[in-house]
Amino acid sequence: MAEATKPAGLLSTPSSNANTPRLEAPGVKSPTPIYSMSAVEDTRICVVMVGLPARGKSLIAGKIVRYLRWLSVDARTFNVGTYRRQDTPQPTADFFDTNNKEGERMRRVAAEAAVKDMLKWFAQEKGTVAILDATNSTQARRRWIAQTVGQYGIEVMFVESKCDDEDLIMSNIMEVKTTSPDYRGQDPELAAKDFRNRIRNYEKIYETITETDYTYVKLINVGTQVVINCIQDYLQSRIVYFLMNLHIKPRSIWLSRHGESMFNLAGKIGGDADLSPRGFRYSEALPEICRQAGIVPEQNITVWTSTMKRTIQTAQHLPYNKLQWKALDELDSGTCDGLTYEEIEEQFPEDFRARDDDKYNYRYRGGESYRDLVIRLEPIIMEMERQENVMVVTHQAVIRCIYAYFMNVPQDRSPWMEIPLHTVIKLTPKAYGTKEERFKANIPAVSTFRPKYSSAKHQETDSPDVNELSVKMNV
Amino acid sequence: MTRDNQARETPPSTAYRRRSSVDVDGVHEKWPFVKGEMAPAQLYSTTSGRLFHSGKIAIITVGLPARGKTHLSVALTRYLRWLGVITHTFHLGDYRRAHCAPGQDVPEDYFFVNASPSSVLLRQKILRQCRTDIYEFFDRHGGQVAIYDAVNPTAAGRRLLAKEFLKNDIHPIFIESTCDDMKIIEENVRNVKISSPDYAGWKPEDAVQDYLRRITVKIPHFETMEEIELDYIKMINAGERIIVNNCRFGYLPNRIVFYLMNLHIKTRRTYFARSGIADHDSYKADAPLSEQGLDYSRRLADTITKFRVEELRAHIAAGGSKEDRPLVVWTSTRIRTVQTADQLAAKGIKVRQRQQLSQLNPGAVEGLSEKEIRELYPEELEKHNQDPYHHRYPRSESYHDLAVRLEPIILELEREHNDLLIIAHESVLRVLYAYLMACSTADIPTMKFGRDEIVEIVPASYNNVARRIPIPPGTHQEVPNTPFGFPPVFTGI
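So the sequence lines, in the order shown, correspond to chains A and B. If you count the first sequence from 1, position 395 lands on 395 in UniProt numbering, and the numbers rise without skipping. If you count the second sequence from 1, position 41 lands on 41 in UniProt numbering, and the numbers rise without skipping.
These are calculated hints, taken from the structure and not from any lab test. Possibly wrong hints are sitting among the right ones.
Distance condition first, Cα-Cα at most 27 Å in a straight line; then the derived DSS-like pairs of lysine-lysine [stated by the list, open to error]:
hint, chain 1, residue 1, chain 2, residue 2
1, A, K322, B, K35
2, B, K266, B, K167
3, B, K167, B, K183
4, B, K30, A, K162
5, B, K448, B, K30
6, B, K193, B, K266
7, B, K347, B, K306
8, A, K440, A, K162
9, B, K203, B, K183
10, A, K440, A, K430
11, B, K350, B, K322
12, B, K383, A, K309
13, B, K383, A, K322
14, B, K448, B, K306
15, A, K440, A, K268
16, A, K63, A, K430
17, B, K234, A, K218
18, B, K350, A, K126
Bound conformation, chain A alone (with noise of 0.2 Å):
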C-alpha cells in the first residue's frame, strides 16, 4: 500500500502487497494523501509544549502546525486554556496559584478534556501531529501525559521554550495582555500586572525538562541553546530542523507571477512561452511597483525566480541580486502541456473532470499534481523562513501554493484561489496572523483563473484607470 496507509499502527503485510493496485497511477487522483517526508505510515505524535506563559508557545505551536499541514501532515492544536476558559473564562493570578486548590482541580479538568479529545481526534480522525499547548511545567504533569498518550502507541515530544530574557517577556507580555480572550476588555496595564503574577504563580513549581527518558527538545533563548533528546523519526528530526530555521526578526515576502505571456493570450497551458507586449510592460513596470509595496532600491533583497522565461523576462529590470531555482517552474501539466483547457476537456474529458473533482491530488498524466508541487517547494519555504525580505517572481500554481502556506490555507482551496496577472502580493507574517497587502499594476492582463468544472476561455479584466492597492489580514 501506499505511505499512508491507515489505521496507523499497521504495517503492511504480504498480503496487502500482492498486486497491489497502485494509487499513484498518472492521471488518477490518489485517494489517500501520500506524505512526501518520511515514515509517517505508522508514526503519530503528540508534541507537548512546555514552559512558562509568555514564552511564544503558541506562537511556536501555530508554526509546526502550519508547516506540517502544509506539507499534508494532519496537525492539530489542543490548547488546554481553551478547555479552561470554558468553566472559567476571565480568572485572576490567584486561580493559577498552587495554594488555591480548586484553581489546581479546575486546571486539570481542563487538562484531561484536552488530552481527551486530542486522542479521540488520533483515534476517529487518523490524525498524525498534534500539538498540546498549555504550560505543562511539572515533571507529575508530563509524566501524566506521556503515560497517557503513550499507552496507545503515540510518540509523545515535548518541546520546551525556556527564556529569562526580559525584553523578549516583556514583549510577548504586552502582546498577550491586548490579545488574550483572558484579559479581553479589561484595562490593559491592570492585565498586565495580573498576567505577571500569573507567571509569578507558574514559576513557583516550574520544573524545567531534566527527564532523560523522554524525547524533547529545549529550547533556551530563542535558541541559544538547544537540547535535543532522543529523537526517535525523521519527521521529529524534520520538525526540530523547522523549529532550528525560525526567526522573530520582522520582515516581508513579496509575490508576483510572471507578467501575462504568450501562452496565456492563447488560453494554453504549461509551455515555456515568451512575456506578451502587455506582459513585457508589467516587467517594465514592476520596479516602481515594487517601490511602491515597500522595498526600497537599497534594500537587502534577493529576487527569486524560476528557471522559465517568462518569470526571468517579468524580473529582468529589477535592481536586485537575483536567483533562479528549478523548484519555483511552473506545475507539469504532462501531456496537457500546451493545450487549452478547451482541448482538453475535449481530448481527456475523463481526466478533465477528475482534476476539477480533487485538483490538490490531481496528476497530470505525465505531470505533476499540487502535492507534487509542494514537495518540491518544500526547501523553498525552509529557506524562506530562514531569509528575511524577499521577492519571489514565479508562477500561478507555484504561488498558490507558498501563499497557502503563509496564510494557512486549505488544500480543498488553495488550488482554486486567485491570484491574478500583474499583481503584486506583499505578506507580512505577524505574531498571531500574517498581513496580506496587494498592489495591482495598472496594466491589463487576462485573467487565467478558471472556475470548477468550467472550460471557459482565458478572460480579459477590466482595465483598472489607477495601481490598486488592497489590505487583510488573516488571524
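Fit chain B to the supplied structure of chain A, relying on the hints for placement.
Coordinates of chain B only, in the frame set by chain A:
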C-alpha cells in the same frame, strides 16, 4: 547574477571525472576534483566557491577515542560535499602515524598534561603540520569546511584553537561526541578498533577491555565541553541527546544539526537492485511486469535471501553475534518496481513504497533514438553531450533535479537501522550510489547497474566498500533497454 544552473549555461568542455574508479569510495579524495566542479546536489555556484553566505568554518571534533569521531567526520564530509560545500577531513591520527615508525605508536606520555619536553615538541610538530594543511585548504583550495578530527581534550586548548581560527577569519564549531553508555563504546571498539594486527589472535572480549584500558592510561585527562561562549554541538551517546550551543550564524550549522539528528553509528548494509522490465512500458504508461520481469523478481528474491543467510552463517562462524539484522525494502510507486518486490513481501519482508524514488522524468525525448533527437533537438543534443548531468531536455528532469529531490530519502537512508534493499530505476540507483560512494557528477549518468547483480554497500571505519552479488541468469533472454541503444535512461524502462 547567481543562479542555480549557471554551470548549465556555460558547460565545461571536458567532463570532470575522478581519477580513481567509482568502485572506490571517493570521500577521502581531494575535492573538487577539478576547480569549479559542481557537486551532485549543489543548488548554485559562487565565484568564491563558498555557499549559503556561511563563510569559512572549522569543525573541530572533541572526544576520547572510540566515540565515533572519525565516523562522524567522514559522514559529515560526505553529506556536505554532496550539497556542494567544499569540505575536507583532517584526521590528526593520520599525521601522528606518519611521524612514527611502522608499528610504533607515539610516546606513552604523548597525551599527558605534564608530558616530557620531547613529547611536547613532537606534539607541537604534528599539530603544526596538520594546521598548515588546514590553512592551505582554506587559502589555496577554496575550502569552506575543514573537519579537524582530533581528541581536543581540554577547555583551555579548545579556547586557544577557537581564538586562532577566528583570527584567521574561520568560524570554529566544535562537535563533541561523548558517551556515558559503556555498551555503545564497547560495540564501537569491537567493530572498528580491534581489527588491527595488534589484536590478532586475541579473544574479542579481552581485546576490547585491553583497548579501553589503554585509552584511560594514555589520555587520563579529559574535560567535556562547557564553554558556553563557543559554538558547539555535543552529541551524547551516539546522538541520543544533542546539545546545540550558539551555532546561529547561518544556514550551514542548522543543516549540520539536521543531518546529525539522523546519523547513527551502528553498522548495516545497503543493497541496490534494478526493477524488472515491463512489456510496453513508458514513463507515462506505467505498465506491469512482463514474464521476464516476473522471472527476474523471483531470482532477485532468491539471491538476496540466500546471500544473507550465508553471510549470517559466516558471521556467526567468525565469532560474531547471532543477531540477524532485519531487511527492509524500499521501492518507488511505479507498478513494475512495486511488483519486483512482491516476492520478498511474500516472504514477510516489510516493503515500503516511496514516491520520491520514482525515476528521472525523460520529458520530450522519451523513447526517441539518438537520430531522432538529433533531428528534433540538434542543439539540445549538443548541450546534453557537454554536460549530461545538468542538461535537461525539454520537459525532462536532469540528474541534478533528481539528486535534489532525493534529499529526504538520503536522510532516511542514514537513519535506517535495518539492512535496506532499494529497488528502483537505474537513474535513481546511480544517484543514491553516488551519495554513498562520493562519486562525481561526471560519473553518475553513465554508471551501470545490470539486472545480473545486486550492489551491496558495506560501511567500514574510514570509507564505504561496494561489492557485487551476482544474480544467476534466468530462463528469459535479457533484452537491451532500447532498440536504439541510446541513453537507456530516456526510456521508461
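Hints, one by one, checked against the model:
Only pairs whose Cα atoms come within 27 Å are accepted, and A/K322 paired with B/K35 is accepted, the gap being roughly 24 Å. For the hint linking B/K266 to B/K167, the alpha-carbon distance of about 38 Å lies beyond 27 Å, and the restraint is violated. A distance of roughly 40 Å separates the Cα atoms of B/K167 and B/K183; the hinted pair therefore is violated under the 27 Å criterion. The suggested pairing of B/K30 with A/K162 is violated, with an alpha-carbon distance near 43 Å, which exceeds 27 Å.
A threshold of 27 Å between alpha carbons decides the hint, and for B/K448 with B/K30 the separation of about 24 Å falls inside it, so the pair holds. As the CA atoms of B/K193 and B/K266 are separated by approximately 14 Å, the hinted pair is consistent with the 27 Å bound. Straight-line distance between C-alpha atoms of B/K347 and B/K306 comes to about 13 Å, which keeps the hinted pair within the 27 Å bound. Annotation: proposed proximity of A/K440 to A/K162 is violated, straight-line Cα distance about 43 Å (limit 27 Å).
Distance check on the hinted pair: B/K203 and B/K183 sit about 17 Å apart at the alpha-carbon level, within 27 Å; holds. For the hint pairing A/K440 with A/K430, the CA-to-CA distance comes to about 23 Å; that is within 27 Å, so the pair holds. With a C-alpha separation of about 21 Å, the suggested pair B/K350 and B/K322 falls inside the 27 Å cut-off, and the hint holds. Proximity of B/K383 to A/K309 is assessed by CA-CA distance (about 18 Å); at most 27 Å being required, the pair is judged to hold.
Pair hint B/K383 plus A/K322 holds up; C-alpha atoms about 24 Å apart against a cutoff of 27 Å. Using a Cα cut-off of 27 Å, the hinted pair B/K448 and B/K306 holds, with the two alpha carbons roughly 24 Å apart. Distance check on the hinted pair: A/K440 and A/K268 sit about 24 Å apart at the alpha-carbon level, within 27 Å; holds. For the proposed pair A/K63 and A/K430, the alpha carbon gap of about 11 Å is at most 27 Å, so the pair holds.
For a cut-off of 27 Å, the pair hint linking B/K234 to A/K218 stands: about 14 Å separates their Cα positions. Proposed proximity of B/K350 and A/K126 is supported: the alpha carbons are some 22 Å apart, at most 27 Å.
Checked against the numbered hints given earlier, the structure breaks hints 2, 3, 4 and 8 and satisfies all the rest.
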